[in-house]
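Asks: Using the sequences and the hints given, assemble the complete structure.
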Amino acid sequence: MPQSIEPLLRFIDASPTPFHAVANLAARLRAAGYAAVDEARAWQPGAAGKYYFTRNDSSLVAVNLNRAPAEHGFRVVGAHTDSPCLRVKPNAAAVAHGYAQLGVEVYGGALLNPWFDRDLGLAGRVTVRTTAGRMANRLIDFGRPVAFIPSLAIHLDRDANANRSINAQKELPAVLCRVSAAGRAPDFAQLLRAQLRRQYRQLDVDTVLAFELSLYDCQAAAVVGLKNEFIAAARLDNLLSCHAGAEALSGAGDNHNAVLVLNDHEEVGSASSSGADGPFLRAILRRMCADDAALERALSRSMLVSADNAHGVHPNYAHKHEANHRPLLNAGPVIKTNSNQRYATNSETAAVFRQVCERAGLPFQTFAVRSDMACGSTIGPITAARLGIRTVDIGVPQLGMHSIRELAGVKDQHTLTTALKGFYNTDDWPF
Numbered sequence: 000m001p002q003s004i005e006p007l008l009r010f011i012d013a014s015p016t017p018f019h020a021v022a023n024l025a026a027r028l029r030a031a032g033y034a035a036v037d038e039a040r041a042w043q044p045g046a047a048g049k050y051y052f053t054r055n056d057s058s059l060v061a062v063n064l065n066r067a068p069a070e071h072g073f074r075v076v077g078a079h080t081d082s083p084c085l086r087v088k089p090n091a092a093a094v095a096h097g098y099a100q101l102g103v104e105v106y107g108g109a110l111l112n113p114w115f116d117r118d119l120g121l122a123g124r125v126t127v128r129t130t131a132g133r134m135a136n137r138l139i140d141f142g143r144p145v146a147f148i149p150s151l152a153i154h155l156d157r158d159a160n161a162n163r164s165i166n167a168q169k170e171l172p173a174v175l176c177r178v179s180a181a182g183r184a185p186d187f188a189q190l191l192r193a194q195l196r197r198q199y200r201q202l203d204v205d206t207v208l209a210f211e212l213s214l215y216d217c218q219a220a221a222v223v224g225l226k227n228e229f230i231a232a233a234r235l236d237n238l239l240s241c242h243a244g245a246e247a248l249s250g251a252g253d254n255h256n257a258v259l260v261l262n263d264h265e266e267v268g269s270a271s272s273s274g275a276d277g278p279f280l281r282a283i284l285r286r287m288c289a290d291d292a293a294l295e296r297a298l299s300r301s302m303l304v305s306a307d308n309a310h311g312v313h314p315n316y317a318h319k320h321e322a323n324h325r326p327l328l329n330a331g332p333v334i335k336t337n338s339n340q341r342y343a344t345n346s347e348t349a350a351v352f353r354q355v356c357e358r359a360g361l362p363f364q365t366f367a368v369r370s371d372m373a374c375g376s377t378i379g380p381i382t383a384a385r386l387g388i389r390t391v392d393i394g395v396p397q398l399g400m401h402s403i404r405e406l407a408g409v410k411d412q413h414t415l416t417t418a419l420k421g422f423y424n425t426d427d428w429p430f
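Counting in numbering that gives the first Met the number 0, the sequence shown runs from 0 upward without gaps.
By construction, these hints were calculated from the structure, which means they are not laboratory data.
Model, not experiment: these values are computed from the prediction.
There could be a bad hint or two in this list.
As the list claims (entries may be wrong) - Computed Cβ-Cβ distance ranges for the label pairs, DEER-style:
| id | residue 1 | residue 2 | range |
| --- | --- | --- | --- |
| 1 | T130 | P314 | 49 to 59 Å |
| 2 | R197 | G132 | 14 to 24 Å |
| 3 | A26 | V174 | 29 to 39 Å |
Even for Gly, the Cβ is constructed at its ideal location relative to N, Cα and C.
Replies: What follows is the structure, given as structure tokens:
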């Protein structure tokens with residue numbers, strides 16, 4: 000296994016939810032000398048140093064502030080912490096025909112068929128009342144398969160291979176365990192309370208008040224392929240970019256103002272207090288500036304690299320790609336363009352990223368969707384519209400996007416990290 004890939008694989012396995020991803024990235028930043036700052040804390044504008052802020056435990060902004068932003072701007076790298084998945088409903092536990100089940104709803108644009116016949120874990124954030132009467136948030140991860148969504152045997156559905164559609168309400172409740180014919184559904188809050196006690200080795204959880212939980216595939220991330228060329232893992236979209244951004248920020252020098260923003264809720268439109276369509280990033284950048292006018296001056300000298308995975312050409316479905324824009328795995332990050340502003344790339348920002356890659360000797364590719372197909376989007380256009388910041392949308396190519404297990408290139412992870420580090424450190428800044 001390529002040694003440089005191991006930290007990414009460990010990070011993905013340890014980050015089954017955005018809450019876990021942010022906690023792990025925050026620990027990585029602290030090890031690199033970044034100080035945690037509470038948003039409620041008073042702030043002295045212009046105070047040089049390394050800081051990070053979190054919101055909702057699922058979004059993060061980190062800043063390496065070295066020079067007056069109004070004169071030198073910000074170099075911003077952005078990604079998102081969430082991935083399509085199955086989220087647990089508030090009143091989740093139920094019994095059907097002798098089985099205890101867990102009710103779920105689909106989060107984001109998930110491919111649903113791959114969720115069947117997988118060993119599923121359960122993780123997320125739980126809000127509790129402690130024995131001292133205080134509210135507290137706790138991360139939870141059962142760390143083992145506790146649920147399963149079995150397929151219907153083909154003998155009972157002869158058309159399954161020809162036409163299988165999924166009814167999310169009826170067909171996705173996950174099996175937890177057997178119960179007696181007259182049995183009740185397990186006390187789900189009690190199950191969570193018991194797991195928290197095991198996980199933290201503490202007895203201070205009095206009541207589970209609420210939770211935000213997801214099912215996840217327990218299969219570990221791995222390097223695969225005859226030549227060990229590929230990464231197979233859950234949540235590559237977009238934990239790969241989060242990890243690359245954090246690694247690049249850790250390698251950013253002290254000559255420029257480097258910013259990393261990792262937003263939650265991209266997969267459901269970004270419209271939340273911690274999403275890219277919310278106020279989080281602007282609020283943090285404003286703290287770095289003396290006043291509103293200084294912020295506007297800083298933004299006019301700034302640029303965002305929005306890193307979100309791209310569609311690699313699928314060898315079995317190459318006709319789904321525009322003929323001259325078919326990105327390959329392990330051939331470098333992709334500059335994503337769309338004339339209808341589904342991506343925020345323009346000629347100026349594409350040129351900046353291209354130049355960073357060329358001067359570092361890194362390969363890169365371009366992508367444009369077929370003119371007869373709809374184009375997806377990401378945090379780039381949203382952030383550009385909210386802040387008025389120059390933006391280029393890029394990302395490593397992958398296959399199986401939004402599946403429970405996705406495929407990317409081993410070389411691309413290193414190339415992306417190197418390119419983002421070059422963006423942070425370049426002295427050839429046209430703004």
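Asks: State for each hint whether it applies.
Replies: Cross-check of the supplied hints:
1. The hinted range of 49 to 59 Å is satisfied by T130 and P314, whose Cβ atoms lie roughly 58 Å apart.
2. Take R197 and G132: their Cβ atoms lie about 23 Å apart, and the range 14 to 24 Å holds.
3. Range check, A26 to V174: about 34 Å between beta-carbon atoms, so the 29 to 39 Å window is met.
The structure is consistent with each of the numbered hints, conforming to all of them.
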